[in-house]
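*Asks:* As a plain string of letters, each chain reads:
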Amino acid sequence: MEELVNLFHGFAVALQPFNIMVMILGIVLGVIIGVLPGLGGANGVAILLPLTFSMPPTSAIIMLSCIYWGALFGGAITSILFNIPGEPWSVATTFDGYPMAQKGKAGEALTAAFTSSFVGALFAVVMITLVAPLVASFALRFGPAEKFAVYFLAFCSFVGLSKEPPFKTIAAMMIGFALAAVGLDSITGQLRLTFGSTELLNGFDFLIAVIGLFGIGEILLTMEEGLAFRGGKAKIDLRVVLQTWKEMPKYWVTSLRSCLIGCWMGVTPAGATPASFMSYGIAKRVSKNGKNFGKGEIEGVVAPETAAHAAGTAALLPMLSLGVPGSPTAAVLLGGLLIWGLQPGPMLFVEQKEFVWGLIASMYLGNLVGLIVVLTCVPIFAAILRVPFSIIAPLILVLCAIGAYSVHSSTFDVVLMLVFGVVGYLLKKCNYPLAPLVLAIVLGDKAEEAFRQSLLGSQGSLGVFFSNSLVGTIMVLGLIALFWSAIQEGYSRLRPHSVA
Amino acid sequence: MKHSVLHTALAAIAIFGAGNMAASAAWEPVRPVEFIVPAGTGGGADQMARTIQGIVTKHSLMKQPMVVINKSGGAGGEGFLDVKGSGNNPHKIIITLSNLFTTPLATGIPFNWKDMTPVAMLALDEFVLWVNAEKPYTTVKDYVDAVKQAPAGGMKMGGTGSKQEDQIITVALEKATGTKFTYIPYKGGGEVAVQLVGNHVDSTVNNPIEAVAQWRGGKLRPLCVFDAKQMTYDEVVADGKGWKDIPTCKSQGLDIEYLMLRGIFMSPKATKDQVEYYVELFKKVRATPEWQDFMKSGAFNTTFLTGADYAKWVETEEKRHEALMKEAGFLAAP
Amino acid sequence: MTTNSSHAGPTHKAVEAGVTMLIAVFGAIVVYGSIKAGINWGAEGPRAGFFPFYIGIFIIASSAINLWNGLRDGDDGLFAEWGQLRQVLSVVIPTAIYVGVMPFSGLYLASIIFIGWFMRWLGKYSWPIVAAVAIGMPIATYLIFERWFLVPLPKGPIEEWLGL
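Residue numbers (the numbering used here), protein chains in the order written: chain A, 932 to 1431; chain B, 20 to 353; chain C, 2 to 165.
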């Protein structure tokens, strides 16, 4: 009960006129940051952090966390409209969101994405409100072995989903792993695969690869087919929101499952990216529409968006209660807390009640405000697709170039982006799936790092991955997911052969 | 927040005075100043850079904006090479951490601190030996005994990065105690502290700011500080103890000293006037109450050096790092 | 994609074989780089090149299988018609030039010319519209990125001269 009293007190703090103003400002800035490729949540928050210096800490964190919500919402927009995910966790949203937009259903896809984001975030905030201390202690049980198991599960639940030939899927995923390995090896502190080039020191950033492979590649495909984005007929009417809402309750099972996956991934803290991929993969497996996934199924937008937002929100809990960030953006927020003289950690909930509960209340309100803001803009976003291709295409190309440049302030990255674009075009035409490649770039080095940290700890014994019930369970789940897909695939490949 | 109004007013007066002095300096930035951080967002160097950016903005210490840019590739090599290649661009400064020495040595990146112009040492970051509060050892002696009793490599030491400051201290510890640790590198200091709370490692050498929250929460226990003398901050943090009460490692029989540079460098061909401008700027930053609060929250050693003193300090440290890393076998293969 | 005698172009088979070979070469580079980084299992667990080495091997092996599958496949359709490829190249080449001159000319000037070219030659818009979009977009970019979010973008001599 004490929590509820605190929460109401928090609402009183968050509802002060100045804080509401700050909240709306933050959401709008966040959406802009999320839409512009290259800025992204973490960068955006970092850039605006010093500007909040002159505010009281509670207002400052409300503003920054609202930028964070805004960026989470905004990330879905470019994924759906242009197939360009601005953040790693938006990649899975493109799988069905972009085909929907191509079919003229951009409005539905955006509404579904925003609404499920809201549902995911709300679920996670409720969890933070009610069971914060319990969940925090669960997060402490995650060492390197447990983290590796989570990445393993994310890969396993995603592998074998594509319709493409299995060896092309393997090749694509391995290319992703190889690209992720370039640069500094974090375990030995040694450079690898850089061949003495200083440009390759940074390795291959996910964003550059994805802007090229997905965004530029898509523009090239469109050029080949004549100059038109196929989403021209998108309805631009607010009624689309209500129609989509009517349809969404059907997917409550997927939503609930995605919320749980998201909260789990956010707290552990593996983050929103594995959450969105895992949620998409599992939804595709168990949904009765599963085989239509990838062709513009609304459930394929609901699953990753819900999970990504639940994870993004839940990631703030370990940040506040343990001082360990669950996402890059949370890491920057953490820096902010320290700058304002607040020490995140076990004592924050005791010593800074007003701040913590003000923040939690602002999570409720910020997400609500965010949902209203972005939903009212759905028609405007959908209308972007009506701009003729020969105007929008150069603008997208320029924005992509800016996005690629601003990741590391390097013009070499812009060149890389174009190379990735051509590669993406060729791979797509040759039936190589791009999603496993991107998944491997995003999670490859993290998985390798966790694996090697575990082996360091266990002095080389692989038994560490089954050394306790937690890590063992996750690993077994991963293996089941892996072999399930293998069996399914073998089965479905056998059948046509026997018919022939 | 009320007391800070007075502080701000005092700081404003101080700045006003300083501003008059600076007015006579010949050079001033004419475009935005890029403040390079050779590490990722959210880390110690990043926090400090963004604090400085905030202070500069809040008190209008510069006519042009200050822009923080993270260039963390290749253990910070990316950032250093950027400044090295910036010729005489005076609108680029960089904050350093120990990777100023360790990165070129461990990776073979063609870079040396002499490729940049030293501006000022802002502070030194302390290192403290931490253990989980559930563990029975309350003194360095208990801890060292436990390490000695464990089989070689049985004790796990968590730290930030590989072949960087945390691992250098670990190697020094091995030498001092005649034992062997298993060193496990993580990406960030906060993560290392939490791994210690979760008992996934047995000890860490976190900076104060990375572990203070867990100490306050009663999860971690500091054993000793790797400095020549005890820290000066006497505010109580936990269990009636403050930073001041942590003994030096040397007094406990571990003769190891290590401090991490938080200093500023700029482009290689910077003129005297330009360096002078930034020195004055950072003097003003140091005078603000926000900076002092920041120093206190991270229990920093607030030594400030400029000019030849600073360059000499850096040179000594470089030699020391080279010796330490050579001994540990951390040098890059030629 | 059906074969039509009036439309010519590279065959799908040839392009796919080429792409597969390129992937195999990439795999070989990865293997070479890994060997340089050390591929054995050292005192601190696997060395830096251990995983990339096997990843490279996997890439080469799966490329070999893909190559074989591709050549065995009876599909002799076109990859794309020459006309379609010309369309694709009409974007790739200007974008390559755009990207190539950016370090020297700065982002803004290059963007103005690039957008202008695209709209005028591919979209056949009238000059006033072309000018409005081509100049308006970089200005908006400047305001949003450099003024609002303080993200510096590449600049060239003109910006230097204007003192931006």
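Heads up, a few of these hints could be off.
[Claimed, not checked] Non-contacting residues of chain C with respect to chain B, defined by C-beta distances greater than 10 Å in every case (computed):
(1) Ser91
(2) Val131
(3) Ile140
[As the list claims (entries may be wrong)] Not everything, but these chain A residues come out facing chain B in the computed CB check (under 10 Å):
(4) Leu1053
(5) Val1057
(6) Ser1117
(7) Gly1221
(8) Leu1253
(9) Gly1254
(10) Gln1384
[As the list claims (entries may be wrong)] The following label-pair restraints were derived from C-beta to C-beta distances:
(11) B:Gly173 with A:Phe939: 46 to 54 Å
(12) C:Ala18 with A:Leu1410: 54 to 62 Å
(13) C:Ala132 with B:Lys82: 30 to 38 Å
(14) C:Ile58 with B:Gly326: 37 to 45 Å
(15) A:Trp1176 with B:Gly259: 42 to 50 Å
(16) A:Arg1317 with C:Lys125: 17 to 25 Å
(17) B:Pro129 with C:Phe105: 36 to 44 Å
(18) C:Pro104 with A:Leu946: 46 to 54 Å
(19) A:Leu946 with B:Asp164: 55 to 63 Å
(20) B:Gly259 with C:Asn41: 49 to 57 Å
(21) A:Leu935 with C:Asn41: 33 to 41 Å
By construction, these hints were calculated from the structure, which means they are not laboratory data. Every residue, glycine too, gets a C-beta built ideally from N, C-alpha and C.
*Asks:* Confirm or reject each hint.
*Replies:* Status of the hints after comparison with the structure:
{"no.": "1", "hint": "Ser91", "verdict": "holds (34 Å)"}
{"no.": "2", "hint": "Val131", "verdict": "holds (31 Å)"}
{"no.": "3", "hint": "Ile140", "verdict": "holds (18 Å)"}
{"no.": "4", "hint": "Leu1053", "verdict": "violated (26 Å)"}
{"no.": "5", "hint": "Val1057", "verdict": "violated (24 Å)"}
{"no.": "6", "hint": "Ser1117", "verdict": "holds (6 Å)"}
{"no.": "7", "hint": "Gly1221", "verdict": "violated (36 Å)"}
{"no.": "8", "hint": "Leu1253", "verdict": "holds (5 Å)"}
{"no.": "9", "hint": "Gly1254", "verdict": "holds (5 Å)"}
{"no.": "10", "hint": "Gln1384", "verdict": "holds (5 Å)"}
{"no.": "11", "hint": "B:Gly173 with A:Phe939: 46 to 54 Å", "verdict": "holds (51 Å)"}
{"no.": "12", "hint": "C:Ala18 with A:Leu1410: 54 to 62 Å", "verdict": "violated (36 Å)"}
{"no.": "13", "hint": "C:Ala132 with B:Lys82: 30 to 38 Å", "verdict": "holds (34 Å)"}
{"no.": "14", "hint": "C:Ile58 with B:Gly326: 37 to 45 Å", "verdict": "violated (55 Å)"}
{"no.": "15", "hint": "A:Trp1176 with B:Gly259: 42 to 50 Å", "verdict": "violated (57 Å)"}
{"no.": "16", "hint": "A:Arg1317 with C:Lys125: 17 to 25 Å", "verdict": "holds (18 Å)"}
{"no.": "17", "hint": "B:Pro129 with C:Phe105: 36 to 44 Å", "verdict": "violated (24 Å)"}
{"no.": "18", "hint": "C:Pro104 with A:Leu946: 46 to 54 Å", "verdict": "holds (50 Å)"}
{"no.": "19", "hint": "A:Leu946 with B:Asp164: 55 to 63 Å", "verdict": "holds (57 Å)"}
{"no.": "20", "hint": "B:Gly259 with C:Asn41: 49 to 57 Å", "verdict": "holds (52 Å)"}
{"no.": "21", "hint": "A:Leu935 with C:Asn41: 33 to 41 Å", "verdict": "violated (59 Å)"}
Of the numbered hints listed earlier, those contradicted by the structure are 4, 5, 7, 12, 14, 15, 17 and 21.
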